[in-house]
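The sequence shown maps to residues -24 to -1, 1 to 355 in mature numbering (1 follows the signal peptide of the UniProt record, and there is no 0).
Wrong hints could be hidden among the right ones.
Across the chosen pairs, the derived CB separations fall in these ranges [as the list claims (entries may be wrong)]:
| hint | residue 1 | residue 2 | range |
| --- | --- | --- | --- |
| 1 | 250 | 298 | 49 to 57 Å |
| 2 | 36 | 124 | 47 to 55 Å |
| 3 | 304 | 230 | 39 to 47 Å |
Below are the DMTMM-like pairs computed for lysine to aspartate or glutamate, each with C-alpha atoms no more than 25 Å apart in a straight line [stated by the list, open to error]:
| hint | residue 1 | residue 2 |
| --- | --- | --- |
| 4 | 97 | 117 |
| 5 | 97 | 124 |
| 6 | 337 | 348 |
| 7 | 337 | 317 |
| 8 | 97 | 107 |
| 9 | 337 | 300 |
| 10 | 337 | 304 |
| 11 | 97 | 134 |
| 12 | 337 | 287 |
| 13 | 97 | 118 |
Keep in mind the hints are simulated off the structure, nothing from the lab.
C-beta: ideal position from N, C-alpha, C; glycine also.
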Amino acid sequence: MPRPFRVAAALALLSVFLAPPALAQQGGGQDRPPPAVTVVTLSAQDVTLTTTLPGRVVASGVAEVRPQVAGIITERLFEEGAEVDVGDALYQIDPVVYEARVAAARAAVAQAQATLNAARKEADRLQTLLERNVTSQQNLDDAVAARDAAAAGLQVAEAELLAAQIDLDRTVITAPLSGRVGRSLTTRGALVTAGQADPLAVIRNLDPVYVDVTMSAAELIRWRRGHMDAELGEADRTVTLRLPDGGAYEETGQLTAAEPQVDPLTGVVVLRMTFPNPDQLLLPGMYVQVELPQGVAEDVILAPQAAISRDRRGRPTAMVVTAENTVEARVLDVLRDRGSDWIVRGGLADGDRLIVEGLQKIAAGAPVTPQERGAQPQN
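Using the sequences plus the hints, can you model the full thing?
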């Protein structure tokens, strides 16, 4: 057989063997199942809207311990960092000088009492003599005046004794406030004076504590006008806290006060929250994040942000699976974000199956095989 004919025959035979598999593959492509997508079934709920504001922890009570009399510190009577109660002894000032003043004041009281006793006897004696016409009225008047002066002198002496006793008592410096006392800012042997500028120690009440936050005047107006939206419900005054490490504080607080004026330089208002602090985890000066409730969005949907995109007009959109297991595109009315979700008040409804994975494989109207997130895949 000539060579050209042998080549043609071989090619024809090869086409016969290859044709059936190709046709089989073409027919198999028509039976390919719809692409699988992962969905979450949405549920309507009421969501409390919050705004996060930076705040600073402030002790609910602060007292700087200062001496009220002068002298030498002879002893420190507290443990640094310990809890103290009102009236607990903190420092001892050398009392010798003040004890001497008390003794002198007591002697002055005794002297004044003796003078008063003598003046009373003299006035009584002259009163008897006047009744017998033995002395004059002038002598009696002088005796009565001397008696009254002696009584006043006794009162002065008693007041001086009281003042001396108060100064002696003040040689023991006591806690003016219950709370946690810090480190001692003075030492034994130091000379202190009454009302000095430098405190000896500082006591802070750490349970409860205050958290002061600032809010702009515009935010405050929106908050008081219905919490940002007329459709939102009323929120309570309970606030939550995030610690500097990002963790949530277990105790909830209350909005207890607001500064009744706007700072003319910064345009902000200071709000004060009160938080219980039984474990004293919150310390004065610590910066925290306060989540302040603004209102309640009723009957809204929390949709994962990863499932929401935007169309060419910038509108938020989402893909849902219909009852016929086809894809439907929805245009959403998004209120705001909350964590990793969007708060949606229009475009999604309770029971909708929102596509969260597999979006790159689908288009509106296409059939899909939905599988609930977290469910076991079907074989």
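The hints, checked one at a time:
{"no.": "1", "hint": "250 with 298: 49 to 57 Å", "in the structure": "51 Å, holds"}
{"no.": "2", "hint": "36 with 124: 47 to 55 Å", "in the structure": "52 Å, holds"}
{"no.": "3", "hint": "304 with 230: 39 to 47 Å", "in the structure": "45 Å, holds"}
{"no.": "4", "hint": "97 with 117", "in the structure": "14 Å, holds"}
{"no.": "5", "hint": "97 with 124", "in the structure": "12 Å, holds"}
{"no.": "6", "hint": "337 with 348", "in the structure": "17 Å, holds"}
{"no.": "7", "hint": "337 with 317", "in the structure": "23 Å, holds"}
{"no.": "8", "hint": "97 with 107", "in the structure": "16 Å, holds"}
{"no.": "9", "hint": "337 with 300", "in the structure": "18 Å, holds"}
{"no.": "10", "hint": "337 with 304", "in the structure": "14 Å, holds"}
{"no.": "11", "hint": "97 with 134", "in the structure": "21 Å, holds"}
{"no.": "12", "hint": "337 with 287", "in the structure": "17 Å, holds"}
{"no.": "13", "hint": "97 with 118", "in the structure": "13 Å, holds"}
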